[in-house]
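Mapped onto the working numbering, the consecutive letters of the sequence shown carry residue numbers 15 to 336.
Take these hints with a grain of salt, some might be off.
Below, a list of computed lysine-lysine pairs in the DSS-like style, where the Cα atoms sit at most 27 Å apart [to be verified]:
(1) K256 <-> K151
(2) K247 <-> K158
(3) K74 <-> K247
(4) K151 <-> K293
(5) K145 <-> K256
(6) K200 <-> K118
(7) K158 <-> K145
(8) K293 <-> K158
(9) K293 <-> K314
(10) K136 <-> K259
(11) K200 <-> K158
(12) K127 <-> K293
Pair ranges (Cβ atoms, derived) [as the list claims (entries may be wrong)]:
(13) G123 <-> D313: 43 to 49 Å
(14) K247 <-> D269: 17 to 23 Å
(15) F296 <-> D223: 46 to 52 Å
(16) Q286 <-> P243: 41 to 47 Å
The hints are simulated quantities; they were obtained by calculation from the structure and are not laboratory data.
Yeah, the Cβ is synthetic: ideal placement off N, Cα and C, and Gly gets one too.
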Amino acid sequence: MKIRNLALVLVAVLAVAGCANSSQRPGAGLWHGGRLFIATGNTTGVFYSLGGGYADLITKHVPGYEARAEATGASGENIQRVATGDMDIALTLADTAADAYAGKGAFDGKPQKVVALARIYKSYTHLVVRKAAGITKFSDLRGKRVSTGSLGSGADVLAGRILSAGGLNPDADVVRQRLSLPETTKGMQNGTTDALFFTGGLPTPGIADLLSSQPNAFAILPLNSLLQPLTAKYGAVYLGAKIPKSAYNTAADIDTIAVGNFIVVSPDMPEQLAHDLAKVLFEYQQELSRVHPEGGNFDKGAAPQTEPIPLHPGAARYYSSG
Numbered sequence: 015m016k017i018r019n020l021a022l023v024l025v026a027v028l029a030v031a032g033c034a035n036s037s038q039r040p041g042a043g044l045w046h047g048g049r050l051f052i053a054t055g056n057t058t059g060v061f062y063s064l065g066g067g068y069a070d071l072i073t074k075h076v077p078g079y080e081a082r083a084e085a086t087g088a089s090g091e092n093i094q095r096v097a098t099g100d101m102d103i104a105l106t107l108a109d110t111a112a113d114a115y116a117g118k119g120a121f122d123g124k125p126q127k128v129v130a131l132a133r134i135y136k137s138y139t140h141l142v143v144r145k146a147a148g149i150t151k152f153s154d155l156r157g158k159r160v161s162t163g164s165l166g167s168g169a170d171v172l173a174g175r176i177l178s179a180g181g182l183n184p185d186a187d188v189v190r191q192r193l194s195l196p197e198t199t200k201g202m203q204n205g206t207t208d209a210l211f212f213t214g215g216l217p218t219p220g221i222a223d224l225l226s227s228q229p230n231a232f233a234i235l236p237l238n239s240l241l242q243p244l245t246a247k248y249g250a251v252y253l254g255a256k257i258p259k260s261a262y263n264t265a266a267d268i269d270t271i272a273v274g275n276f277i278v279v280s281p282d283m284p285e286q287l288a289h290d291l292a293k294v295l296f297e298y299q300q301e302l303s304r305v306h307p308e309g310g311n312f313d314k315g316a317a318p319q320t321e322p323i324p325l326h327p328g329a330a331r332y333y334s335s336g
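Could you build all of it, start to finish, from the sequences and the hints given here?
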């Protein structure tokens, strides 16, 4: 049973019991009874880490509300669950959010009703390969077992686009595995997966653990040569970026492709709550940065730049107040 539906059943049971007047119950008058659920991503990804930290901050600093982060299949699933009311807050890649809002790509003909609280940090695409698989350049992926991420995740969508940009059919020219990051890293370690794509913040815990688990067994390949065909087809949502050598103790910086991240909510969320949720991100940013370094990379000046996703009016009010 969905978490939100379970909560509604419990509310109904309490109402039938008639144990107290509704105005006396904790959370009475608060949106969804004061319980907020945050859709994040795989348990070894940055979305999950930051989502948990954000939930703690909301519980501590937004009076009357208690938040909980949930592991999910990430961007695509997250947006759908917010749009259906099963989740209240979601982290998502900006390209997936744009497709969802417009009803394109995986959401063809089914635009999702979401609005944004903030643009946050950038996610970086990792192409990690097993050296024993003989993959030293992008074209060597042909015929190999390649994990593109959880089905429906933003990482999976972007991996498919990158493979196509490099002249490889993601469903015919590679043996495509749609695995979560924990499943993927296990496959890389035991030799059942030859390469992985994952798009996340720096450092991504699961990637860091993989690289340190078998020193010199894996390599991260550059992807900068594929930026031009990507932007030609999908626009400026994708950026050139570097994974600094300090992120994973590599010999040099690695050129790759990056995409922004958004926090999205339902347009039905009360204005004051959306205002307070945006405020928490920046008033307590130092606490969030201790959960994961990317928490320190949120830029309040850039936060309202969520096009094509409209800002929630409450969030817009927070940013305009200075």
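Find the hints from earlier in the document that the structure breaks and name them by number, from lowest to highest.
3, 4, 6, 8, 13, 15
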